[in-house]
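The task is simple: from the sequences and hints, build the whole structure.
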Amino acid sequence: MRTNFIFSEVWIGLRRNLTMTIAVIVTAAIGMALFGTGLLIRNQVSNMKGYWADKISISIYLCKKNDAMPRCKGRGAASEQERNDLKAALEKMPQVEEVKHETSDQAYALFKEQFKNSPTFVEMTKPEDLPESFRVKLRDQKDFKAVQEVAAGRPGVSSVQNQEDVLNTFFELLGKLQGSAIAIAIIQGLAAILLIGNTMRLAAYNRRRETGIMRLVGASNLYIQMPFLLEGVLAGLAGGLIAAVMLVIAKITVFDQLQNYFAFAVRLSWGAVAWNAVLAIVLGVLICAVASFVTLRRYLRV
Amino acid sequence: MIHFDNVTKVYANQNRPALDHVSVDVDKGEFVFLVGPSGSGKSTFLRLILKEERPNNGQIHVAGKDLARLSNWKIPHLRRRIGCVFQDFRLLPNKNVYENVAFALEVIGKPNRFIRKVVPEVVELVGLEGKAHRMPDELSGGEQQRVAMARAFVNRPMILLADEPTGNIDPATSIGIMKVLDRINRTGTTVVMATHDAAIVDSMRKRVVELEDGKIVRDQSRGVYGQAY
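Respectively, the protein sequence lines represent chains Z and L. For what it's worth, the UniProt record's numbering labels the leading residue of the first sequence as 1, then goes sequentially. For what it's worth, the UniProt record's numbering labels the leading residue of the second sequence as 1, then goes sequentially.
Worth double-checking, as some hints may not be accurate.
[What the hints assert, rightly or not] Here are a few chain L residues that sit away from chain Z, every Cβ distance over 10 angstroms (derived from the structure):
#	residue
1	ASN6
2	ALA12
3	GLY29
4	PHE31
5	GLY64
6	LYS65
7	GLU106
8	GLU138
9	ARG156
10	ILE175
11	ALA198
12	VAL217
[Claimed, not checked] Using C-beta positions, here's what the derived DEER-type ranges look like:
#	chain 1	residue 1	chain 2	residue 2	range
13	Z	VAL290	L	ASN13	29 to 37 angstroms
14	Z	LEU194	L	ASN112	38 to 46 angstroms
15	L	SER71	Z	TRP270	45 to 53 angstroms
16	L	ALA172	Z	ARG298	41 to 49 angstroms
17	L	GLY109	Z	ARG201	22 to 30 angstroms
18	L	ASN15	Z	ILE12	38 to 46 angstroms
19	Z	GLY175	L	SER71	47 to 55 angstroms
[To be verified] One-sided excerpt, in silico: chain Z residues whose CB lies under 8 angstroms from chain L:
#	residue
20	ARG2
21	PHE5
22	ASN221
23	TYR223
Keep in mind the hints are simulated off the structure, nothing from the lab. Here a beta-carbon is modelled for each residue, glycine too, at the ideal position from N, C-alpha and C.
Put into structure tokens, the structure is as follows:
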């Protein structure tokens, strides 16, 4: 095998088909970048889910004075008796692991901490605006319904909130983003395949003299097809590398910004980015190689 | 060397066979003219030898190999033992004489050392010494055909097939082309040449096989082009 000869043929082929090659590279790069982004979103979601899995709890808010919530209208704040009854009832339930009482003052302290970046918002809020609540931690988050049944109807209870519901809305949004990224990636992948098909047809036509002579003097199929195949592989590799760079940029500019909205560590690790980048490169090369090989069999009679 | 046994070839979408029960033997080192009008089956005969086409019937042996039993991936190895020359030269316009000849060896993976040694010898054999670095468009038709012959012969094939090699060349230059073919034949290479050129066939006095409508109508040693039979 004369590697020099094959690589000089590849170089000539790439230069001759420069515009088509660029089109293939760009399409493959966008496709692979979106594919990688989809995977990164999945990693990000599982990072967050993992963090919350053992922290998710149920909040049972109690009525406060002059409460505007429909359940509390026309009555005063929850009484001592009501509060103790509720606590006892919750603690009796086998599904409940822990019940914590949070007073208005405690809630306010937490609120001040969470919104310390918006002082005006904090100024507008007084401790008595925040209701006291019970934080219930379950052994299994699926048993939320049972707690709701026990707590919701009781006097003095204004509302029962499952924090998982709030999170799920957020995760659903991320899931949709991931789905669309993957969908566009698939479309781009198909476009790349069609473009490669076209490029190979042009390349085979451009080099029909050479391939005709190669056939005639008894060059093996491998020798005849290798330059074309390598053209496709190189284009795929270039596209994959660009996609990898885009993934790194996406991590720095988008995913790392998510951290600002969370009090705990949800940052994507560089390991995850590297893994997805490698996956994008390999997939790009693979798609281009297979597409080249299949179209060559059509346009390069051996 | 070449053995056709009752070979029939019908192309798809055609009723009349291109070759019709053709049986012929060409021995090692022979020089054979294949004559006959256009469409008489000369080119089909040559294409069958290269296994570019498959016969519908009959058996073909080339260089001791039964072509019907030759698997596809071995076809390149068959073709390495057969050189080909065409009416339209088929040179690569962006390569010079030396590179055109060397290309035939490069693509079958011969080492550079070997190529550097063999190519100048063959360029000299076809009478192009001193012109190795000319581009094809700087050469006359006759010289271009010499390059094509050098390329066909550089791997020392056992058989050389020539499909109307003088078809695009004036009679005076054709004589030089035939001298090169004769020189190649004298090295022991079997030569099969399809041609329309009566003057050349008459002057060479070699074996003549005449085809008409896909049938062999004459097979004569030391024949001439238009002899009645």
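Against the structure, the hints:
1. ASN6: Label holds. Min Cβ-Cβ 27 angstroms, cutoff 10 angstroms.
2. ALA12: 15 angstroms, holds
3. GLY29: 21 angstroms, holds
4. PHE31: 21 angstroms, holds
5. GLY64: Per Cβ check, GLY64/L is outside 10 angstroms of chain Z; nearest 16 angstroms; holds.
6. LYS65: 13 angstroms, holds
7. GLU106: Not fine: 5 angstroms to the nearest Cβ puts GLU106/L too close to chain Z.
8. GLU138: 18 angstroms, holds
9. ARG156: 12 angstroms, holds
10. ILE175: 26 angstroms, holds
11. ALA198: The claim holds: ALA198/L sits with its nearest Cβ about 28 angstroms from chain Z, beyond 10 angstroms.
12. VAL217: 30 angstroms, holds
13. VAL290/Z x ASN13/L: 29 to 37 angstroms: 34 angstroms, holds
14. LEU194/Z x ASN112/L: 38 to 46 angstroms: For ASN112/L against LEU194/Z, whose Cβ atoms are near 40 angstroms apart, the range 38 to 46 angstroms holds.
15. SER71/L x TRP270/Z: 45 to 53 angstroms: At 51 angstroms between Cβs, range holds.
16. ALA172/L x ARG298/Z: 41 to 49 angstroms: 46 angstroms, holds
17. GLY109/L x ARG201/Z: 22 to 30 angstroms: 27 angstroms, holds
18. ASN15/L x ILE12/Z: 38 to 46 angstroms: Cβ of ASN15/L to Cβ of ILE12/Z: about 45 angstroms, so the range 38 to 46 angstroms holds.
19. GLY175/Z x SER71/L: 47 to 55 angstroms: Because 53 angstroms falls inside the window, the suggested range holds.
20. ARG2: Holds, about 6 angstroms.
21. PHE5: 5 angstroms, holds
22. ASN221: 7 angstroms, holds
23. TYR223: At about 6 angstroms, which falls below the 8 angstroms cut-off, the nearest Cβ of chain L leaves the hint on TYR223/Z intact, so it holds.
Checked against the numbered hints listed earlier, the structure breaks hint 7 alone; every other hint is satisfied.
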